[in-house]
Amino acid sequence: MSASRKTFRDRTMIAVAMTPPIALLLFCVSAAATWKAESAKIRPMLEQSFPPELIDSPVAQAADYADRTSREHTHSSRELASAVNAINEQYHLLFEVLDEQDDLFENLDEEHPLDTYLDDYLAEAAPLLEIIKQLNLNEASIWYANEFGNPNSYSSGLINFRGLPELLRMEFRGAVRDQQTDRAMEAFRLFQGLGIGPTDQVSLRLLPLVTQSIATGIWSESELDEIVQLVKASPDLNQAWQSSIRSTTLAQAPWLLRGEVVETWRRDPTPKTFAPSLRLQWLQRQQAFSRVGGIGTFDAIKRVMKLQETFRRESGSGLDLALQIPTYKQSYSPGQSKDYLATVYTRVANERRHARTAAAVAKYKLKFGQYPVTLDDLIKVNLPASAALDPLGVPFHFESDGETCELGNAAIWFTDSRGYSGSFETREGTLSAILKQFVVLQFR
Amino acid sequence: MSTEATLTALTTTRHEASSTAWFWWKETRQLAPLVALLAIVSLLIVVINAVLGAAMGWLRLQLPHEVTMLVFPGLFATGAGPLLVGQERSQRTIDWLALLPVSSKRIASTKLLVGMIGLAVMWVFALLVILVFELGQRDTSHWTIGGQTGYSGNPFSYPVWISHSLFVLLAGFYVAWRIKNQFYSLIALIPLAFSPLIATSLVSEFANRPMAAGQLDWINLGFTLLGIVIVTPITYRAAIRTLGAAEAPSVKPLLDVSPHSPARETNDAIAPTFGTQTAPIIWQSIHSAKGMLAILIGMLLISFLAAVQLAAVDRYRGIIGLLPWLLLLAPLAVCWLGISVFKHDGASERVRFLADLGVSPGKTYFALHVVPIAILCCSLLVYGLWNLTVIHRDSVSSFAAGLPTLVTISMFVVWIYSISQWVSQFVRTLILSVILAPILALITAGWLVFAYVSLGFPIYGLILCGLAPMVATFVMMRRYMDTGDRPLTFVVGGGVAGLIVLLPIGFATAHVLSVPTMDPTLRAELLGEAQRDSGRNARYVVVPVTGFADDFAFRHDPLGDKMKDLQDHLGQYKLDPQKSVASLKSNAGADVVAHIGPWEYTRWHGNMMRARIQWRQQQDDPAWSEMAQWLDASATLLPAVRRSTLLSGQEIADRLEVLMIDTLQTDVPAERADEPAVQAATQAIGTPAGRAAARRRAVVVTWQHNFQDDRGRYLNHHLTVLEHQPPGLVGWMQPRFYDSLVTAMLEGIDAAANRSDDIGWRWELHQLHQTGGEFQTSRYGDNLRSLPAIETMTVDRVNGYGQLWGRDWEYVELKIRTQP
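Here the protein sequences come in this chain order: L and Y.
If you use our numbering, the first sequence closes out at 468, no skipped numbers anywhere.
If you use our numbering, the second sequence closes out at 829, no skipped numbers anywhere.
Since the hints were made in silico from the structure, they are not lab data.
Careful, some of the hints might be misleading.
Quick list of in silico lysine-lysine cross-link-like pairs, DSSO-like style, CA-CA up to 27 Å [to be verified]: (1) L/Lys256 / L/Lys404; (2) L/Lys296 / L/Lys65; (3) Y/Lys571 / L/Lys460; (4) L/Lys30 / Y/Lys299; (5) Y/Lys583 / L/Lys157; (6) Y/Lys372 / L/Lys30.
Reference listing, derived: stretches of chain L covered by chain Y, where coverage requires no fewer than 3 residues with Cβ under 8 Å from a Cβ of chain Y [as the list claims (entries may be wrong)]: (7) 41-48; (8) 98-107; (9) 114-121.
For each label pair, taking beta carbons as the anchor points, the in silico distance ranges come out as [to be verified]: (10) L/Thr31 / Y/Leu310: 29 to 39 Å; (11) L/Glu120 / Y/Trp334: 48 to 58 Å; (12) Y/Ala321 / L/Trp279: 26 to 36 Å; (13) Y/Asp365 / L/Tyr356: 18 to 28 Å; (14) Y/Arg625 / L/Val226: 26 to 36 Å; (15) L/Glu130 / Y/Ala321: 58 to 68 Å; (16) Y/Arg625 / L/His136: 24 to 34 Å; (17) Y/Arg625 / L/Tyr364: 41 to 51 Å; (18) Y/His733 / L/Tyr364: 27 to 37 Å; (19) Y/Asp817 / L/Pro75: 28 to 38 Å; (20) Y/Arg625 / L/Arg213: 20 to 30 Å.
Cβ coordinates follow ideal geometry from the N, Cα and C atoms, glycine included.
For reference, chain Y alone in the conformation it holds in the complex (with noise of 0.2 Å):
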């Protein structure tokens, strides 16, 4: 590619002795593909955040934009050297560049100078990004070094990663330069890159006292900078001694070779005799990456020695800070494992060689994959063992009690692993897969997890999705044994990704819609309906109940003196019934609409209770007028409350009907039914059809404003069912949910109505309301429901919607009204 670009860039720039345009151009060519790969992924994972950040606003899963913006350029810094340095040693084509009459300061300037100008025109892009969106807090300015904001709380001092994005360009540079093997220099950029952190934790280790995060922060800043002083001149050096000449390769005797001499050994070595045809291949597969594969199993067992030692220790302080650093190494390795597939070196070579050899795609697939699955395997089980010994609790370390167990780890291998062998084959560079599988497995292990918990998506999704990027690559083997994979790796490609991204959301979306929703033309009309009835022109009265512990509590000084607090108060909190229903009396004429929570319920309904007993105690007038006052009250509380639009008022209307008609059949003697108050009461028990017409404009009301009160509140609207769904999809659910609560409702208004013993709106309510319950047991149940009304509501609360309709209670003829 390389040379292609310096030809096309020789042939269309002018082409002038002492110009070295073409060598710019050429160079930014080469880094082209870098830069906007880079910054399309960055625009796609703000442009994703910002469809998940709309989509569900309130889940707050998102990756922030400033980390993505400030990757980016780190990003770049690391590839770059490679990529004009490392790439064109590889190729070859150094030797070619240093033949022209350009001279190695030049060449080495250029290059150098192209891949800064590229940085600063990523940081400006970052930084671009960064305002447009206006990202970052405006309280704690990120231009300061040694922020307050504390050490690992303040990763984003923008003068210490623009600095050190610079110190790893240089770095990346240089060993480019001095290490001809690019994955090689690669893996001595990373503890290179790192020098400036190491430094500082070495010195927060050695120092007598403990540090403050800021010091640390200009510690780190301090080092970087000695760091691009150091580095700069051995790059520069190492770059004019490899444009050079080239030493001489020494002589070696051709005489003089004994038999057993280590040579010929090696000879023997090299061609060892196979009795299979699938040996070799592997024993291939192992020799020709033997140091890309020994440096990656180092990674692993680094990583795996650094996590034995995490859960040991209960503190990360000094060194042991940089110890879960260490652990990312290992999904490094994994990945990288994944690219060694199909771009270790002399990998093409090698597959075309077996291709040449006639050996098929599948065996040639197999041969590329035996080795690194074989080491995933070995680590996999070598972990699993090693948990067997660890102690998974908090007391011991709490790094040990958060180890994510065997299975769940071998899924995330699964993915990455998967998606890096498919960049691998996909990418043409090495150095660019290098960069991009971590990105690209970090966004898929990402997204997966999110479909898990917050879609719902099934494990077997997961696996299927973890397998596609390997079928992509298999399905895709022949053509690139023939390197005629293109465009139709593109087309796989767009399937994969398509795959990934769209399973997930297919399986949402079809769960989302197995909720059905209820028929147009039905929620016309009853949306016709709420508009009417909710336009009545009714009079809302508050209902005074006092006597709560908390009703005068913000008057009183929780240190005052309770004495006289007591001694002041205490009256205050007799319940009067007459006075709590005076405002709707005064108004008896009109549609007044009285509002009566359930704790206020529970007064009412306590202090009833407590009249009835004095009066079943002492029949006498005084009792009897205390009750009598009850029955006088809650007569006129009773229409006023069945009147509410809210599902809670008629809820609570129900049991002030359940509780009155206990009261006129169990406490009213015959010879007191013509008392103005039972006869009050008496006319104010209402009918099957009155409730069911309450009821019904009621649940289409408070369904048309979306089971909220005119303030907002949710009062007691819960559906237990939408905690049992995926939280990502609670959102689109809830309407279709209530949809169905109302459909249910309606369908228990209707049989309360009638009279009739129908389970299944009883059983839809229950799945709805009562999730993942026993049917039998609730209120819905033929157990509870079949016991008086009285003895099982519930009273304090007013959960368990319709638990009350259609039971005996509401058609009970009482015995009091048959009287004369």
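Extracted from the complex, chain L is given alone in its bound form (with noise of 0.2 Å):
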């Protein structure tokens, strides 16, 4: 064993002891470079869609929602909310009551049951309506003091909301219910200035109603114009889609500039280290779901959920994954599933035509003293054949003899799924995951 010269089996021995660690060393070395890569992608995408200054601020949601809302009616709708509130509960049996009742406005020439307490009610209720006729408040008008940006937002204190759309939705009620076509459309109006976005909550939904009760025949053609003009009004589907897209991914703001998970409910004892590439991936697949145009089709839902199936199967392989803590997979999905957000919508876009073919269907009678055979019949009414189709671009269930007719909100019958979800697999089973509910309209 003489320390002469190197010979080739020198180099070999040493290549076989030193290549591994060295190479094991490089792949390190090379993750780390991609996680510092990453890490500065992240930002440059985030200015795209927000201002610096609201990307740098301490908590970017808060900052967000002060910019959009103002102050002025904070005491005055603070206020009226626990009062709203307070009577809500005190007549809880009521809407529970009210929530089963499909047949309120069938027969406004009857007294129902329900219709003195609807009354006590809305007596009860009075001064607080007024108010709200008053302060006319809209969504910008409504701000109240929320904790952004700190755990236990269970603690913030957001007086809840749910008061003011369910009075509104009693006056209309009511108003309807007494044939008072204007004290009824001062609730629509109301709502509407609400601004209430798309949701599935049914105590946050006054279309229905509506649609229901201009099978009545209560409303005047002016008046029926008026309500078409607010379906019309309402919150534009596309813009709602993209704003809750932009308050979920400023909400993860923090999450995604330095991976600090941002706390919801509970704390992950586990501590986690999340690659930027990981997140980096989050961020441009919320980017993809707000390129989806067309919100409120059947075409939407299904590239939502073409796009959700790819993200599903895709591999999240970037180097820098080799460095997180503890596994590859760190499962956090903050926010609602996108494909639950894009069925909602179109559900409210089938009601928004469905109320507008209703209207149509009423006018037309108002106008030609009997109902319209057909649903093209209605193009003598201003309405295209595009606004009478349901989601899947089928025109709505529509029969006539011109005496009576019904108009369905979907092109055939399809199972009540309130019980279960439906499938996207079939017709029936679209139209019933989407839609939910099979309602006709029986105009006499």
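Two chains, two separate frames, one set of hints: put the complex together.
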């Protein structure tokens, strides 16, 4: 073993021993470099959508919220909300019964067992309704002191907003029962003013009730025109979709930039790190979702689901993932699932078309003395054929003998899916997944 | 060692020609270290479990005692054969034993019998521990075979386990008699030991119908018994053959060796020439443990292929069900790679050879480690590269989704390897280190993971603990080469163990101590104050506030007639303020304390708002009298709530007072200022000093009661900061955080009483109550505090203690008060 000249054998031996550690080291170094490089890409991407000062503000969401709302009505709207909540709580039994009543508008000339309770409630709530009218609340005027960026967001004390729309729904019901169209119209107008976005919650939707009321024939021609105008002016679905994605993204700014989990409910006790490529991927996906156009159509749902499917199968294979702790897959999915949102939006779009078609049918009757024989006749009251289509692009179910007619919210009957979630495999399944319930208006 | 044992046995036992007592004694002594070691380790685990259980009872991070107890007889069964036979064969003492006037039959049977007795002792010990510690579930007996709890859920059918360990013992003897190399015989034992399980899986794979779990248990038992029946005679035969006369080596012709014959080439290869000193050591490292390294690489490869397969399927049944077991080969291989550092074939001779050549301990250390480390690096690299191609999603494979990252795996590899190589230097016998190293590596890895997750041990600490054994073996290298490492190695070993155990504990202790406790004199003072205050004879009155959806919910049938409910019960939900405070009024003279929670308060607040809005709309007498009623009732309620010694009671009182002040200021016109309700309400409004006293009392009493009410409920006394602490330390930190909370709140109370703008207490409360949040946007920050309290206060929750303290409403000069 004399230490003389290095032979080929020497080099081989040393290479055998040293190559693996050096290769591993190189792998780790390149992973670290990827971590750094990917991390640097996130901010420019965020800056495409948000101004830098918003991203830098300690609580981006708070800044964004404060910019969008005014504090003008804070005091009154808070007072109002707590008062409305108190009275609604007192009448919660009535609310429960009303939720199950499908036939409230069926016969307006006959006394309904709920009438007295409805009247009692509205009498008690009259002063509050008056305030709503005076304040003329809108989306921007609602400002509640909220502790954005602090854990225990449940302690934010954001007063439950549901009371106001619930009160307006009650007022609308009561007005229609009393056949006072100006009162009902006022309630509808105020409700639309609140600018409530597309939602799945029954208590935050008035349009289905409006559509039902149209079949009773209480509305005049000009009032029907106003209803159509109000429906048209309701929030644009594409915009609502964008802003929902925008706010989800903005809320995740600390996670995107620094990997800090934005706490929502409970903290995960196991320390976790998130590789930048994973966060970047999430951001890219949000952007891909926001690029989906034609929100409110079945095509949009299909596109969103297709995107989700590709994402689901896609591998997060960035080199930097190797440096995450503890596993390659760190489950983190803030915000609502996008296919759910797209479905809700499509349902809302259909509700709007249904309302407009119903208004056109009622108007036709007022104009020509009888109901149209087919939906195509509605062109005479300026309803284009494209406005009377269900989510699958087929004209709404419509049967008419001139004297009476019925209008469905879809082309065909489908099973009520309140008990289970529909699937998108069949025509009926798709309709029930989107619309939940087959609604038929009986015009008499 | 076995020679030594034989000699002492020969001299200490009575020497009679017919007696083999000395032989029994020798065998028993040879086995003793294994029994003692396993017993000590298992008891240690039980003790650790007990300590952890007592220290953090709510944390369920314990190994079941039963598993510990059941695993150890199995480990004994694995080690007995190789220790009694394999070791003697490799040290050639068996040849010497065979020369003694004892029949081969007797040698073989005695060794086997000693092993069986040892196994019985281990089982008795294990079952005793299980009985003494009252382990095991009483409702499901483990003495049944094919119990109903399921194949995977019921791995503890005692009869199956016991017979299986007997099978492993016999198999261990068989391989030890057959294979001379100790390590190879152990490797051969692994598939043999699992063969009943493999056979069971094969049956379930090829059976035409799905098998119930209980059936599989029976099949498993059947195969095990069959294995015992087969292995016993062949073990005996192998023993007799080994102990018999060895075959004479066949004569090789000395002549006719061509210059290019394989023999010559082999000769050349044995002594290659090198130009450096390092390269030959590496070469030697590979060549002297070729077989062992090849087997270990094979194990890593098998484990890797199993992982690849598992990442591609999403259902584990039949043969696939065995794949997860193959994954265990990887940590075992890492462990044994660590052992190979100091305990491969001829390792001691090699070390001595290098020492004689004058190779420095550092270089020898490097030479011994370099090949195993290269193999490990290679494996890690392959793992890292493979993961680049894997889709880590549950929808593809839940196994792939749960794969630990390269960094995580590397950490585990470092721990296992480091501990194992240390064991292999520390323990003299190969078999003992082969058995001990996996156990110690498992315990260490478990402890460090626990320290990381539960005690908040930092990552650099994990690395430090991982490298400590490497440093220990390095330090001991010179002495080890000169075989003079004892007893210093015990000291260093103790140091390493102490470091691994104590460092996380030290970190945890420092973390706990970083939260200051209250000064003892202040504590005694406050406790005295609390004692005095809670001792007062106050009468508690629950204020009935009706009108909740769930008030009568229990009475209603969800499927019942809602219409009837509406008719019968609607009226009951109307809130009458005078009725609510009636019981308070009837006790007007006494010191009554009102109990009212946040939800009740929400109702009160909302209904009072209704009355106020109605009064604003219609300025008439009925509307006024409605509002006056609320004012009057609130005037009764407020002082009674203020007397509460619950912190949450004080918070409600603050909100009620804010509401009353707002009402008096905005909705009571000057001409109504003299009305009794207004007067009562004005009288009820407190002063900063009065509030401070009430708050102070509530804070100290609530603190004395550990933030629980008289029924042991925490109410809203919840501290966010605790969620941000390592879960294992929460129990220790809680009282300290409560101390800090109380200190901060007392400061806040003083600040409010003196109308000071001090930010310290607010910052502190935010840190404790909204840890990790943004101070500026919180209710403790100036932004929200500068707004009117009525606009920002939380109503339906009382979280955010002290959010209303020291704000403008406290010092307002009521305009009505100035009126005559």
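Okay, the hints, checked on the actual structure:
1. Restraint check: the Cα-Cα separation between L/Lys256 and L/Lys404 comes to about 19 Å, which is no more than 27 Å; the hinted pair holds.
2. Using a Cα cut-off of 27 Å, the hinted pair L/Lys296 and L/Lys65 holds, with the two alpha carbons roughly 21 Å apart.
3. As the CA atoms of Y/Lys571 and L/Lys460 are separated by approximately 24 Å, the hinted pair is consistent with the 27 Å bound.
4. Distance restraint check for L/Lys30 and Y/Lys299: the Cα-Cα separation of roughly 24 Å lies within the 27 Å cut-off, and the hinted pair is therefore satisfied.
5. As the CA atoms of Y/Lys583 and L/Lys157 are separated by approximately 26 Å, the hinted pair is consistent with the 27 Å bound.
6. For the hint linking Y/Lys372 to L/Lys30, the alpha-carbon distance of about 18 Å falls within 27 Å, and the restraint holds.
7. Judged by the Cβ-Cβ criterion of 8 Å, the stretch 41-48 of chain L is covered by chain Y as claimed, because 7 of its residues qualify and three suffice.
8. Residues of the stretch 98-107 of chain L lying with their CB closer than 8 Å to a CB of chain Y number 7, which satisfies the three-residue condition for coverage.
9. Requiring three or more residues with a Cβ within less than 8 Å of a Cβ of chain Y, the coverage given for the stretch 114-121 of chain L holds, as 7 such residues are present.
10. Separated by about 31 Å at the C-beta atoms, L/Thr31 and Y/Leu310 satisfy the suggested range of 29 to 39 Å.
11. Between L/Glu120 and Y/Trp334 the C-beta distance comes to about 56 Å, which sits within the given range of 48 to 58 Å.
12. Between Y/Ala321 and L/Trp279 the Cβ separation comes to about 32 Å, which falls inside the hinted range of 26 to 36 Å.
13. The hinted window of 18 to 28 Å between Y/Asp365 and L/Tyr356 is violated, with their beta carbons roughly 60 Å apart.
14. Separated by about 32 Å at the C-beta atoms, Y/Arg625 and L/Val226 satisfy the suggested range of 26 to 36 Å.
15. For L/Glu130 and Y/Ala321, the Cβ-Cβ distance of about 60 Å falls inside the hinted range of 58 to 68 Å, so the restraint holds.
16. The supplied range of 24 to 34 Å is met by Y/Arg625 and L/His136, whose beta-carbon atoms lie about 33 Å from each other.
17. A beta carbon spacing of about 42 Å between Y/Arg625 and L/Tyr364 agrees with the range 41 to 51 Å that was offered as a hint.
18. As the Cβ distance of Y/His733 to L/Tyr364 is approximately 32 Å, the hint placing it in 27 to 37 Å holds.
19. Look at Y/Asp817 against L/Pro75: about 34 Å separates their beta carbons, and that is inside 28 to 38 Å.
20. At about 23 Å, the CB distance of Y/Arg625 to L/Arg213 agrees with the hint of 20 to 30 Å.
In summary, the structure is inconsistent with hint 13 from the numbered list given earlier, while agreeing with all the others.
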